[in-house]
Amino acid sequence: MQNVSPILRRPRFIVGFGLVLVLSVAVFVLAGCSKDAAENVTGKVTVRMWTFPMLPELRDQEIYDELLRRFKAEHPEIKVEIETLPWVGRTQKMITAIAGNRAPDCVYLNLDLVAQMVSRDALLPIDQYLSEEIRQDYGPELLDSITVDKHRYIFPMLRTVYAALYNRDLLKQAGWDPDSPPTNWDQLADLAARATRDIDGDGRADQHGFGIILGGDTLNGSLWPLLWQAGGQVFSDDGTRAAFNSPAGVEALSFITENFKKGYIPHSFLSVSGGGEFGRGKLAYWFGAGSVELQGLRRDIPDLPLDVAPILEKDKRIGYSSVAGYAVFKTSKHPKETAIWLNFMTRPDNMKYFCKSTNYFPCKKSVGPIYTDDPLMSKLEAELPFTRPDVNHEYARQVPQILIPEMQQALFGQKTPEQALKDAESAVNAMLERGR
Amino acid sequence: MKSTAVAGKKLSSADRNFLLTVMVPACLLFLAFTFIPVLMSLVLSFTQWELMGAPKFIGLRNYIELYHDPLFRTALVNTIIFALMYVPPMIGISLGLALLVNRETRGAKFFRTVYFLPVVTSFVVFALIFEWIFKGDAGSLANRIVGLFGIPPQTWLQNPDQALPLLALLGILKGAAWNMVYFLAGLKGIPDVFYEAAAIDGAGRWKTFRNVTLPLLRPTMYFVVVLTTIGAFQVFDSAYLLTQGGPVNSTTTIVYFIYQMGFESFRMGYASASAYALLLLVLFISWAQNKYLGKEADWY
Amino acid sequence: MDRYDSLLSRLLWWATVLIVFCFLVGPFVIMVAASFQETRTYFTGPWDWLPTEPTWLNYEILFSRSSVIRWTLNSVIVSVIPVIGSIAFSVLLGYIFAKKKFPGREVIFWMFLASIMIPFQVTLAPLYLMMNAIGWIDTYWVLIVPHLLNVTGIFLMRQFIQSIPESLEEAAIIDGCTPWQVVRHVIMPLSKTAVATLGTLGFITAWNNFLYPLIFTASESMRPLTVGLATFADTTSSFGINMAAATINFLPTFVIFLAFQRHFVKGIALGGMKL
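Residue numbers (numbering that gives the first Met the number 0), protein chains in the order written: chain S, 0 to 435; chain G, 0 to 299; chain W, 0 to 274.
Next comes chain S alone, as it looks inside the complex:
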């Protein structure tokens, strides 16, 4: 092998030094370039917006390009810069930017984060930018759901529907009419009992009745809709106490635990990435699945005999739909121009274009149904009137952190549903107490 004396290796040091030199030059040249680009726009107001990828393969860019082209024609005096950030690490990114006073003018935000951000005084109320006409187009119910402390903080853009998906072949196999899926809890339990099967005869089910996500960090697609259907609610009306430990809550959690213990719900649903069984045709019914799952499954497994089931009914027929829109940061130097841009983006024609391109549902009534050409999406769209948005509370996102582990203890029989709800209730009340 090479037995080099130190002197002989000097050329390599020079090479290394040269490399550093070249890189340093590159640093300054590149840094210079980006600065020039930013300074070119003096005289115009620049609105900065952060958003996150909604479509695979960065195809969002085309949507924004089109919207910006339309906007430029109407408002040449305002320049809009849109930046797409990764989903991963978004809370850290947003919060540090706010803390450092470097947040953009506006950001895409899911409704469930709004109350929390408002309580930290990060967002600007936008009531004055919502004209009477706009308010009527959103409708009182949606406006109510985005109201925090009597003010509105987002321009709602899109909704998703969490209804259910089912496998037509497995329903037929279980003796059900594939055109009339379950509509209430008892029917679902009946389907689950018949569809759960041990095909290879090893004593364990390898095909399951239904799936419902039992892990992760949200209950919006699982326990909350069941709780609402049974007539319960998450917080008391004045928001000072937990209200899920009620007869309705016990009913909802017992429904899950009983079916889980009977083996009708596959264990894989204890993690958020559950749903694999459904894709492989081993799950009859997927509670809480919606447009996102539908699009993914259609893209990847085109031959799956899949259909959309209606939202279930017990005392009420009610499910969950998420609402997302654009919020303005309090630190924005151009709130007026930002509002002009956001009102433009959420104008019915642009909202229709945006939602249709991203496979979501529009928030404004005047947009009308947009999926008439797509039978399954159209079925989901028809469920929208039976949905409600997120729980509107400052601590709405912390409750699942407390309740999910308790729920899992009930599933594994370490606690009764009653005890689990009671323990979660006292922990949530302690948190609310501390927050005041």
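Treat the hints with caution; some may be incorrect.
As a list, the in silico DSS-like pairs of lysine-lysine whose alpha-carbon atoms are at most 30 angstroms apart [claimed, not checked]:
#1 W:K191 to G:K173
#2 G:K108 to S:K332
#3 G:K55 to S:K149
#4 W:K98 to G:K290
#5 W:K100 to G:K290
Below, a sample of chain G positions facing chain W; criterion: calculated Cβ distance under 7 angstroms [stated by the list, open to error]:
#6 D14
#7 L28
#8 F29
#9 V180
#10 K187
#11 I257
Hint data in this document are derived by calculation from the structure and do not stem from the laboratory. Note that CB positions come from ideal geometry on N, CA and C, so glycine has one too.
With chain S fixed as given, assemble chains G and W onto it according to the hints.
This is chains G and W only, laid out in the frame that chain S set:
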């Protein structure tokens, strides 16, 4: 001659200049970009700070709450159990791998290269495939393998008793090659003369390993043990990606707890206090390791 | 250790080596293979991730729709410069911590070590506020300067330099070498393997860093490859694209490893010893 001989010597002026020129910029860099943020987070641990607005001084309240917080206790226990399941096998396996490919045959060179692949494979991919292998349904690869031994199918990552050991296994698979590289470097640093001497003495392979390789590898061993331990106490990615702390909080580790408190509940002060509790624990363990492994090499 | 004679032991070696091979290399094979698959999500398993009709589509999308070249250049800048800096500091400080006795040495070393025991999640916010105050957010400074000092590297070099015999160093000093010359002509040549290890692993760590550059950069043109590529992962996560992105990200790190690999070859490390 022992290295302690230097201790008696006074530093020459050349030495002093050398020390100053190196230590001053290094310490400045350290102070500015590491020490100050660390100190700031210590200060924050005595405050209530929700990342927006100003921090509010609340004395020891965070630490007192931490002491009574059952979730923090769970996280602490989980982390310690994780470290016990992770560190010893990791050291054994990575050293084993290094010994396996530490020779100059063409085969060894090839495997040395491919074993390095997990180090540069994205962790997300690793986690995805791991998750697929250990799916809870009867048809998963893991269940088919245990089925060969007559063991009924398990639910793996969805089982509160199995999730944490599985995360340890994932960490070992992903990280073993990383430590293998350190051990390889350590093995290369052992002069041939020692092996030649051992061969002349007629020592067998095991004896050579016990009496030559292992003692001479001690500096590397100490380094790998300390860093692996620190890494074990900071495990986060796998719990975040695969189990979100569940089921039943069985994979809530301290850093996962810190993340939840800081960036989901916006309680930065409380999160900082938990980080300092973690620091005390790890510092104590490292100090103990230093006592038993950290002695300077003295083989000449 | 190199003398393997019996057939049995050779067979045993191959068996072990191949089993480990399957465990460690499987994920890598799937990563590369799936990058040639059109699209598949988490609904499917590895067998479906293997492409039936290989296609360059994912790579075409990545290269045509994004600034992959610019991001790669950023990654090179923010990995290479800190690694060169940290190697220099690690060798010098490792030498000092291993061989020079001065008051406070142990305290300083343990403070360095303790600093990496605090998880990044907690120092993140204070560090951000600090960088913001000095106006470094979204510049190359923030991605380079804090990483010039690498505590792991210092620790590694300290451990290696500890095992370099005192006699070699003393001989050099008697010959009139300054401490700089001792490092240059005695320490450096003898710890080549460690430096190569440090360089390779340090480069890979810097290259794969995600959360730090995500938070400390603002504009798209400042992003390194990891952050830029992450914007391709939408909510339903198209597996093929993600794997193509991961493969692009992987290639440079593997090239670096291959380049440094020859320094792991036996006989160089303590070549001086045998003289």
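Inset, instruction - With a cut-off of 7 angstroms on the beta carbons, see whether G:K187 makes it to chain W. - result: With a minimum Cβ separation of about 4 angstroms from chain W (threshold 7 angstroms), the hint on G:K187 holds.
Inset, instruction - Hold the hint about G:F29 up to the distance rule: shortest CB distance to chain W must be less than 7 angstroms. - result: 6 angstroms, holds
Inset, instruction - Mind checking the alpha carbons of G:K55 and S:K149 for me, to see if they're no more than 30 angstroms apart? - result: Holds. G:K55 to S:K149 sits at ~27 angstroms (cutoff 30 angstroms).
Inset, instruction - Would you mind confirming whether the straight-line C-alpha gap from W:K98 to G:K290 stays at or under 30 angstroms? - result: 19 angstroms, holds
Inset, instruction - Answer holds if the nearest beta-carbon of chain W is closer than 7 angstroms to that of G:V180; otherwise answer violated. - result: 6 angstroms, holds
Inset, instruction - Assess, step by step, whether the Cα of W:K100 is no farther than 30 angstroms from the Cα of G:K290, and give holds or violated. - result: Given pair W:K100, G:K290 holds - Cα atoms ~19 angstroms apart, limit 30 angstroms.
Legend entry - Restraint status (C-alpha distance of W:K191 to G:K173 at most 30 angstroms): Answer holds: W:K191 to G:K173 is near 26 angstroms, not above 30 angstroms.
Inset, instruction - For the pair supplied as a hint, G:K108 and S:K332, confirm whether the alpha-carbon distance does not exceed 30 angstroms. - result: Not OK: G:K108 and S:K332 at ~60 angstroms, beyond 30 angstroms, violated.
Legend entry - Per-residue hint verdict: G:I257, partner chain W, C-beta under 7 angstroms: 5 angstroms, holds
Inset, instruction - Classify the hint on G:L28 as holds or violated, based on whether any CB of chain W lies nearer than 7 angstroms to its CB. - result: 5 angstroms, holds
Legend entry - chain W contact restraint for G:D14 - C-beta distance below 7 angstroms: Cβ of G:D14 sits 6 angstroms from chain W, so the hint holds.
Of the hints listed earlier, the one the structure fails to meet is number 2.
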